[in-house]
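Residue strings, one per chain:
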Amino acid sequence: MRFLDLLSFAAGALRGHRLRTALSVAGVAVGISAVVALTALGEGARRYVVDQFAALGSNLLVVLPGKVETTGGAPFGGVTHDLTIDDYRAIARLQRVRRSAPLAVATDTVHFRDRGRAVPVLGTTADFAAVRRLEIGSGEFLPVGDPNQGGNEIVLGVTVAQELFRSENPLGQVVRVGPWRFRVVGVLAPRGQSLTFNMDDVVLIPVGTAMRVFNRSSLFRILVDVRMRGEMEVTKKDVERLMAERHRAEDVTVITQDALLTAFSAILNALTLALVGIASVSLAVAGVGIMNVMLVSVTERRAEIGLLKALGAQDRQVLAAFLTEAVLLATGGGVAGLALGAGAIRAFVGIYPSFPASPPAWAVASALGLSLAVGVGFGVWPARRATRLDPVAALAKR
Amino acid sequence: MIELEEVWRIFRVGEGEVHALKHVSLTIERGEHVALVGPSGSGKSTLLHIVGCLDRPTRGRYLLEGREVGTLSEEERSLIRRHRIGFVFQFFHLLPRLSALANVELPMLFAGTPPEERRERAAQALKAVGLSHRAEHRPDQLSGGERQRVAIARAVVMDPAVLLADEPTGNLDRASAGEVMELIERMNARGLTLVVVTHDPAIAGRAKRVIRMDDGAIQRSGVRGPGFEPRAASPESQGGG
Ligand SMILES: Nc1ncnc2c1ncn2[C@@H]1O[C@H](COP(=O)(O)OP(=O)(O)OP(=O)(O)O)[C@@H](O)[C@H]1O
Ligand SMILES: [Mg+2]
Chain A
1 MRFLDLLSFA
11 AGALRGHRLR
21 TALSVAGVAV
31 GISAVVALTA
41 LGEGARRYVV
51 DQFAALGSNL
61 LVVLPGKVET
71 TGGAPFGGVT
81 HDLTIDDYRA
91 IARLQRVRRS
101 APLAVATDTV
111 HFRDRGRAVP
121 VLGTTADFAA
131 VRRLEIGSGE
141 FLPVGDPNQG
151 GNEIVLGVTV
161 AQELFRSENP
171 LGQVVRVGPW
181 RFRVVGVLAP
191 RGQSLTFNMD
201 DVVLIPVGTA
211 MRVFNRSSLF
221 RILVDVRMRG
231 EMEVTKKDVE
241 RLMAERHRAE
251 DVTVITQDAL
261 LTAFSAILNA
271 LTLALVGIAS
281 VSLAVAGVGI
291 MNVMLVSVTE
301 RRAEIGLLKA
311 LGAQDRQVLA
321 AFLTEAVLLA
331 TGGGVAGLAL
341 GAGAIRAFVG
351 IYPSFPASPP
361 AWAVASALGL
371 SLAVGVGFGV
381 WPARRATRLD
391 PVAALAKR
Chain B
1 MIELEEVWRI
11 FRVGEGEVHA
21 LKHVSLTIER
31 GEHVALVGPS
41 GSGKSTLLHI
51 VGCLDRPTRG
61 RYLLEGREVG
71 TLSEEERSLI
81 RRHRIGFVFQ
91 FFHLLPRLSA
101 LANVELPMLF
111 AGTPPEERRE
121 RAAQALKAVG
131 LSHRAEHRPD
141 QLSGGERQRV
151 AIARAVVMDP
161 AVLLADEPTG
171 NLDRASAGEV
181 MELIERMNAR
191 GLTLVVVTHD
201 PAIAGRAKRV
211 IRMDDGAIQR
221 SGVRGPGFEP
231 RAASPESQGG
241 G
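Residue numbers (the working numbering), protein chains in the order written: chain A, 1 to 398; chain B, 1 to 241.
Okay, chain A solo, but in the shape it has when bound (with noise of 0.2 angstroms):
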């Protein structure tokens, strides 16, 4: 028999039962759809914190105290040194190291007058506006000076200025952080979400205060900019060579950003996995959906089956036509699916035009073989019912 023969024989067989036809399509429609609009937005997130990764500097190094890794001899449990301002110079003196930035981060409440907000109160110095790229709305970053002894100058973010000074200008002014006052020298342009802090919501104070006015004895991190994208490697091994060389053990865990990266992304596979998983769920329910119409033909289509095989189809062919119904019915469904699911993608998109949600190519190719596979898949046993039938029995009967 010939393969289009084969096809417009099933098309035509379809033709017969349009409605029937076209509930499992439809059936089929929303589970492929469901597959390709979730995937789509579990790349699309995956896409966002790449980006996010991307635009907070990509020569990234970021020390923290602590071993994280067990990598070998000593084991996490050992007497682990503070990471100091000390350190944080040291580093920036390496000539790998293009600028480098310490962070201290508590949370308290700022107020300015009666209104008070609690946010995350950041100690840096003036290269953390670089290394984060962050930009200046108004005003000016902390200024440069010795880390150590920090000033009373303050930067708000774009939120906190707004939440406290309302219409004032918050520039020159002073606020409280706990019983320590500060002056307002600047407020940060908008940024949004950075992974960690949202930066709108943030103030940043000289280092060297954030110690003392916080009571700490260690820095929660030191940001280090690697002049160039491909030493990221060797200057890792610079500072875990400097900060053992300091500490006299291996007492800091240095992660570079592509680490990082590589762990959001993981997370976020699996999210995007999971999401195709509950997809599939509706898609298993399409594909029952299919053989339930294929049953339903085979029974109601004795004579012609039988017919078929009193003019010398043989099973093979009988089992052939059958499973091109399923299938038919299956990348039917596929198809509208993909149709189907675009045109959700797109009505996501208009509403939040900022997330990069579009199907990866893998998801449109797997949506189409996924669904072929649940009509073969839920087809062949209908499609052998046809075939082990009885063509006298199936005469015999009108």
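Honestly, the hints are just simulated from the structure, not real lab data.
Just so you know, these numbers come straight off a predicted model, no measurement behind them.
Here a beta-carbon is modelled for each residue, glycine too, at the ideal position from N, C-alpha and C.
Among these hints, one or two may not hold up.
Stated by the list, open to error - If you anchor each label on the Cβ, the simulated ranges turn out as follows:
hint, chain 1, residue 1, chain 2, residue 2, range
1, A, Ala22, B, His133, 32 to 42 angstroms
2, A, Gly369, B, Ser40, 46 to 56 angstroms
3, B, Arg186, A, Ala396, 25 to 35 angstroms
We have chain A already, so just place chain B with the ligands on it with the hints.
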């Protein structure tokens, strides 16, 4: 060309057994026109199905054109049905979604005949049954007699050796029945072997030979002489022998 030797067909029904055919031995020559008659449940259809390779004997031998077909694989039996046997049924069994022409094309579809050749041969077969003007009509747009003629066109389009008809006129009025019988007799005259199961004495009377069955066994078979009266040929009148 059709030889049955001591053929039995036994159906298992629950605990018991139904002997639908009992030591049936029978020879039908090429080009014969045979009527198969007998009361309801006597095994006529069962016999026809075995001859048509749709069913297998429980016991006994069946040779079609010298080939033992009872032991062939299902695949090979499909090919025999496709190429050597044409079926005509009481209820026509046309596919309602297909046009008359497409129904006639069906056997060639499964044989993998190229579309142009298929269409041409189907049109030829429809012409032979006088239905060229109905080629694009669907079965529900045709009369009973026309449907059966389409079914006959379909049965002979593969140029089979034998045409098996199970009560082909059972659903037709007398006039259509006459047309249909004339048609297949014309084909028989051109060499097609014909086996017709019928309850109609008039139809049976048109056959050269009548095989009467009762309770699964062949009662009598004979060749009609030339001066034979159709009425007297009814199976009932032959019963006692
Ligand atoms: N699949 C089956 N299972 C059990 N018994 C069967 C089966 N097919 C036929 N029979 C029995 O075999 C016997 C012969 O049946 P068959 O259909 O051959 O009769 P028939 O002569 O064609 O009758 P009719 O004139 O009514 O068509 C009947 O007793 C029938 O009940
Ligand atoms: Mg019968």
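Of the numbered hints stated earlier in the document, which are not met by this structure? none
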